[in-house]
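Number of protein chains: 2
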Amino acid sequence: MGYKEDVQERALIARIRKLAGQHGGRLRVSIGDDCAVWKPDPGLETVITTDQLVEGVHYLSGSPGRALGARLVGRGLSDIAAMGGDPRLAFLNVAWPATLPERWCLDFLHGFATEARRWKTAWAGGDVSSVAGPSVASITMIGETPKGGALLRSGARAGDLIYVSGKLGARPRKITPRLALGKALRGVATACMDLSDGLSTDLHHLCDESGVGAVIEAKRIPAAGKSLHHALNWGEDYELLFTARVSTRVEARIASVPITCIGRCTRRGVLIEDAAGHRAPMEPRGWEHFS
Amino acid sequence: MGYKEDVQERALIARIRKLAGQHGGRLRVSIGDDCAVWKPDPGLETVITTDQLVEGVHYLSGSPGRALGARLVGRGLSDIAAMGGDPRLAFLNVAWPATLPERWCLDFLHGFATEARRWKTAWAGGDVSSVAGPSVASITMIGETPKGGALLRSGARAGDLIYVSGKLGARPRKITPRLALGKALRGVATACMDLSDGLSTDLHHLCDESGVGAVIEAKRIPAAGKSLHHALNWGEDYELLFTARVSTRVEARIASVPITCIGRCTRRGVLIEDAAGHRAPMEPRGWEHFS
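Read top to bottom, the protein sequences are chains G and Z. Under the numbering used here, think of the first position of the first sequence as 1, with each following residue one higher. Under the numbering used here, think of the first position of the second sequence as 1001, with each following residue one higher.
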C-alpha cells in the first residue's frame, strides 16, 4: 500500500521542516517527533479548530498553490478570531496526487508557511500522503483566549443588537482574519462567529446555538456590490457576525474595521425585513459544515 | 461550489453531534462553535498529533467503515502513547464522495466515536466536506503529559539499550494503543516512538532525532511470524520502540506488554547483525511520513 521510500515525499518532508522553522519558546517539540509538545499558559484557555480545502469543492483545479496555502491558514485564523483568540500553532495534513506538479506543492507549502508566520503562528506538524484523486488539505489551528473569555455563538439573548464587520458578498481573494477585532470584542460581544458560509446560513447557526431568533433589515446589510443575494448567500466573507446588549456602546469602527448594526435578536424565527417593512423567513442558502 | 443546503450533510452533522455527546469538565465548548474551548491543566503540557487515512493508500476501497473509524483513532492514540501522554480530545475531518453509502459513513463515525470513548477521549470537533474521488479522513488528537515529561525521539545516547514492545510484523486488524506502557516508561525511557512505518524505517527516525547510530541483532527481534522481513518492514505494528540507559532496569513485561531488548545505540550508522555475527546497514524499507 502507498508509497515506500518515496524520494519525492522525503524531499517534501525535508522542505516542510525547513519552511516550518525551529521550534522554541512554549513550543518545546515540533515536526520530527510523534507529537508536538506545547506548554500552555496557565492563565489562558486553549481554542482549537479544524478546516479543509478540497479540490473541486472549495477551489477549482489549477488554482495557484500559494494563494490556497495562505487561504487555508486564513480560514483557521478566522475561526480563532471569532473566539477572540490569539493564534499559536498550525498543523497541516495533505493528501496529494502524484500527478500534482512539485512546483505547485512547494508553492502551497510556501503560502501556508508565509501566512502562518505573518500571523505569528508556529507550524508545528502534520502529515503527507498520496491520493489517487483530488487534493485534500486539512488544517488544525490552536489558539489561546483569557479564561472564560472566549466569544461563543451561544451568548446572544432576545433584544441584543446584531452586527457585522466589513462588507459582505465581495468574496475577497485574500482572507484578512479579524484577529484584532475579535480581541477588541472581548467583554463587548455577547455572541460571535465568523462569516464563512454566508450570513443567511451563519445567522441561523448563531441563533440556534443561542436559542434566539432574529430580524435583519435588508437595507442595513453592508453589501459589497449591488446584490443582496451575494451579501446573504455567497459566503467566504471571513468577517465577524456578533451580538451585543442594547446598552453596550459599539463603535462604528473597531480595530480599523467598519461595524454595521443589521438587526436585533428576537425570541424565535429568523426573518429579513425589506425596505417596505415586509418580513419574510431568511432561508439559509449558504454552505453547510460542522465546525 | 460544493454542497449548499445538502440534506445528507446536515443529517450527518446532526448524527456526529449526537455521537460525540455532551461536552463538559475541562472541555468547555465543543461541536457547534467556531472552535472547541479547552481548559488545560496548569501542571501539564499539551501534546498534539495529526494523521490521515486515505482510501486506496492506507486501506482498500470497500473496507468496513467501523474498523476504519476505530483505526484512525487508534493511530492518533498510538502517537499520544509514544509521548507517555494521556489522550484528551479528538477532531475528525472527512472528505467523502457522494457515492459513499450513508451506512458506511455512519459506521465509520460510530467506529470513531466508540473507540474515542473507550479511551476516554472527547470528540470535540471537525469538518465534513464532499470530494469527487477517494475518501480522505484526518484526525487531530490532543493529549497531556507532565511538564517536561514527554518521551521524545531525541533523548537516546550512544550506549543506551534499544527495546520494542510486543511482536512485530503481525499487522493486527485492531490497534491496541500502548497508553499504559507509554506512561510507565516516563522516567525510564531516554527516547521513545511508536512503530507505525516499520522498525527498519522508524529506528532511522529515532537515531536521526537523537544523533546516534544503532546495532540491532536480527535474532532478538520479536517477529510475530517467521518472516524477519515482515517484522522489519511491514509497519503498522503500533508497538513502542524505546531506549534506556544500560543502568536502568527494564522489566520483561511492563503494563502487561512483553518487552524485548533488540540492540544498542552506537555513535553512528544503523546496522543489523545476523545470527553469524555479520553486520550490514539496515535499509529503511517501511513507510515515509512526517509527523
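Derived by calculation from the structure, the hints in this document are not laboratory data. All values derive from a computational prediction rather than experimental measurement. Do not take every clue at face value.
If you anchor each label on the Cβ, the simulated ranges turn out as follows [claimed, not checked]:
no., chain 1, residue 1, chain 2, residue 2, range
1, Z, 1172, G, 103, 24 to 30 Å
2, G, 274, Z, 1039, 27 to 33 Å
3, G, 11, Z, 1172, 27 to 33 Å
4, G, 21, Z, 1278, 25 to 31 Å
5, Z, 1099, G, 208, 26 to 32 Å
6, Z, 1159, G, 21, 48 to 54 Å
7, G, 56, Z, 1110, 24 to 30 Å
8, G, 11, Z, 1154, 50 to 56 Å
9, Z, 1148, G, 208, 52 to 58 Å
10, G, 103, Z, 1015, 52 to 58 Å
11, G, 99, Z, 1154, 33 to 39 Å
12, G, 103, Z, 1042, 54 to 60 Å
13, G, 256, Z, 1269, 54 to 60 Å
14, Z, 1159, G, 148, 45 to 51 Å
A few chain G positions that, by computed beta-carbon distances, are all more than 10 Å from chain Z [to be verified]:
no., residue
15, 56
16, 83
17, 154
18, 226
Glycine is no exception: its CB is placed at the ideal position from the N, C-alpha and C atoms.
Margin query: Taking the Cβ atom of residue 1099 of chain Z and the Cβ atom of residue 208 of chain G, is their distance within the range 26 to 32 Å?
Written below: holds, 30 Å
Next item on the list: Could you let me know if the closest chain Z CB is still more than 10 Å away from the CB of residue 154 of chain G?
Entry: About 7 Å separates residue 154 of chain G from the closest Cβ of chain Z, which leaves it inside 10 Å; violated.
Margin query: Quick check: does the Cβ-Cβ distance between residue 1159 of chain Z and residue 148 of chain G fall within 45 to 51 Å?
Written below: holds, 50 Å
Notebook entry, point to check: Holds or violated: 27 to 33 Å for the Cβ distance of residue 11 of chain G and residue 1172 of chain Z?
Noted result: Given a distance of about 32 Å, which is inside 27 to 33 Å, the answer is holds.
Note to self: For the hint 52 to 58 Å, verify it against the beta carbon of residue 103 of chain G and that of residue 1015 of chain Z.
What the structure shows: Taking Cβ atoms as reference, residue 103 of chain G and residue 1015 of chain Z lie about 41 Å apart, which means the hint is violated.
Notebook entry, point to check: Is the distance from the Cβ of residue 1172 of chain Z to the Cβ of residue 103 of chain G consistent with 24 to 30 Å?
Noted result: violated, 40 Å
Checklist line | Whether the CB-CB distance between residue 274 of chain G and residue 1039 of chain Z falls inside 27 to 33 Å | finding: violated, 45 Å
Note to self: Tell me if the beta carbons of residue 103 of chain G and residue 1042 of chain Z are separated by a distance inside 54 to 60 Å.
What the structure shows: violated, 46 Å
Item checked: Interface-negative label, residue 83 of chain G against chain Z, beta-carbon threshold 10 Å -> For residue 83 of chain G, whose nearest Cβ neighbour in chain Z is about 5 Å away, the distance does not exceed 10 Å, so it is violated.
Next item on the list: Could you see if the CB distance from residue 1148 of chain Z to residue 208 of chain G stays within 52 to 58 Å?
Entry: violated, 43 Å
Item checked: 10 Å Cβ clearance of residue 56 of chain G from chain Z -> violated, 5 Å
Item checked: Consistency of beta-carbon spacing, residue 1110 of chain Z to residue 56 of chain G, with hint 24 to 30 Å -> Since the Cβ atoms of residue 56 of chain G and residue 1110 of chain Z sit about 28 Å apart, the hinted range of 24 to 30 Å holds.
Consistency note: the structure conflicts with the earlier hints numbered 1, 2, 4, 6, 8, 9, 10, 12, 15, 16 and 17.
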